[in-house]
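Novice: Sequence:
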Amino acid sequence: MNRENALHIVKQQMHEKRYTHTIGVMETAIELAKLYGVDEKKAEMAAIFHDYAKCRAISEMEEIIKREDLPKDLLCYNKELWHAPVGAYLVEKEVGITDSEILQAITYHTSGHENMTMLDKVIYVADYIEPGRKFPGVEEARKLAYTDINQALLFALKKTIQFLMEKNQMIYPLTFQTYNAVIKEEMSK
Numbered sequence: 001m002n003r004e005n006a007l008h009i010v011k012q013q014m015h016e017k018r019y020t021h022t023i024g025v026m027e028t029a030i031e032l033a034k035l036y037g038v039d040e041k042k043a044e045m046a047a048i049f050h051d052y053a054k055c056r057a058i059s060e061m062e063e064i065i066k067r068e069d070l071p072k073d074l075l076c077y078n079k080e081l082w083h084a085p086v087g088a089y090l091v092e093k094e095v096g097i098t099d100s101e102i103l104q105a106i107t108y109h110t111s112g113h114e115n116m117t118m119l120d121k122v123i124y125v126a127d128y129i130e131p132g133r134k135f136p137g138v139e140e141a142r143k144l145a146y147t148d149i150n151q152a153l154l155f156a157l158k159k160t161i162q163f164l165m166e167k168n169q170m171i172y173p174l175t176f177q178t179y180n181a182v183i184k185e186e187m188s189k
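When we follow UniProt numbering, the leftmost residue of the sequence shown carries the number 1, and every step to the right adds one.
Please note: incorrect hints may appear among the correct ones.
Derived PhoX-like pairs (lysine-lysine); straight-line CA-CA distance at most 25 Å [said to hold, decoys possible]:
hint: 1; residue 1: K93; residue 2: K41
hint: 2; residue 1: K93; residue 2: K66
hint: 3; residue 1: K143; residue 2: K158
hint: 4; residue 1: K17; residue 2: K42
Just so you know, the hints here were simulated from the structure itself, not pulled from any lab data.
Using the sequences provided together with the hints, build the complete structure.
Specialist: The following block contains the structure:
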């Protein structure tokens with residue numbers, strides 16, 4: 001599938017602000033893919049489709065999680081997590097993308113996971129730092145992204161965990177596992 005077709009498909013699934021975010025993630029992911037030796041086409045497709053389900057109704061996502069082979073424990077955590085695995089499921093079913101690396105990057109772009117590939121890291125970080133993001137620390141995260149993807153990933157994970165703790169919200173276990181795995185990877189260097 002080419003970029004134009006993919007963008008046309010996602011534009012039908014989201015409002016203008018989300019589409020603008022998607023373009024920013026795509027452009028950032030392609031830059032990071034070049035820098036870190038990741039397949040640029042896979043990064044482009046994963047970025048374009050990363051928020052495919054973001055604008056779907058919560059009830060629809062909940063039904064898909066209950067009905068399909070998706071982690072049921074998601075239902076106990078922040079609904080903001082749901083669109084990632086549901087999106088990967090829908091991208092495969094509705095769009096026909098079957099590349100497991102692309103689907104995995106979409107699935108884990110909100111939580112991370114213990115064995116993140118470089119493509120997974122690129123999509124997670126690109127989503128966090130794309131040009132439309134405006135929050136304290138985003139410039140530092142952007143600098144880290146272009147010098148050390150693991151440090152950028154750790155920065156994003158720490159900020160996410162801190163944010164959720166300040167809001168007294170539960171933290172999805174995969175997020176902690178991701179943090180620990182990246183720390184372990186860094187310690188083994």
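Novice: If a hint holds in the structure, say so; if it doesn't, say that too.
Specialist: Hints versus structure:
no. : hint          : in the structure
1   : K93 <-> K41   : 20 Å, holds
2   : K93 <-> K66   : 16 Å, holds
3   : K143 <-> K158 : 16 Å, holds
4   : K17 <-> K42   : 23 Å, holds
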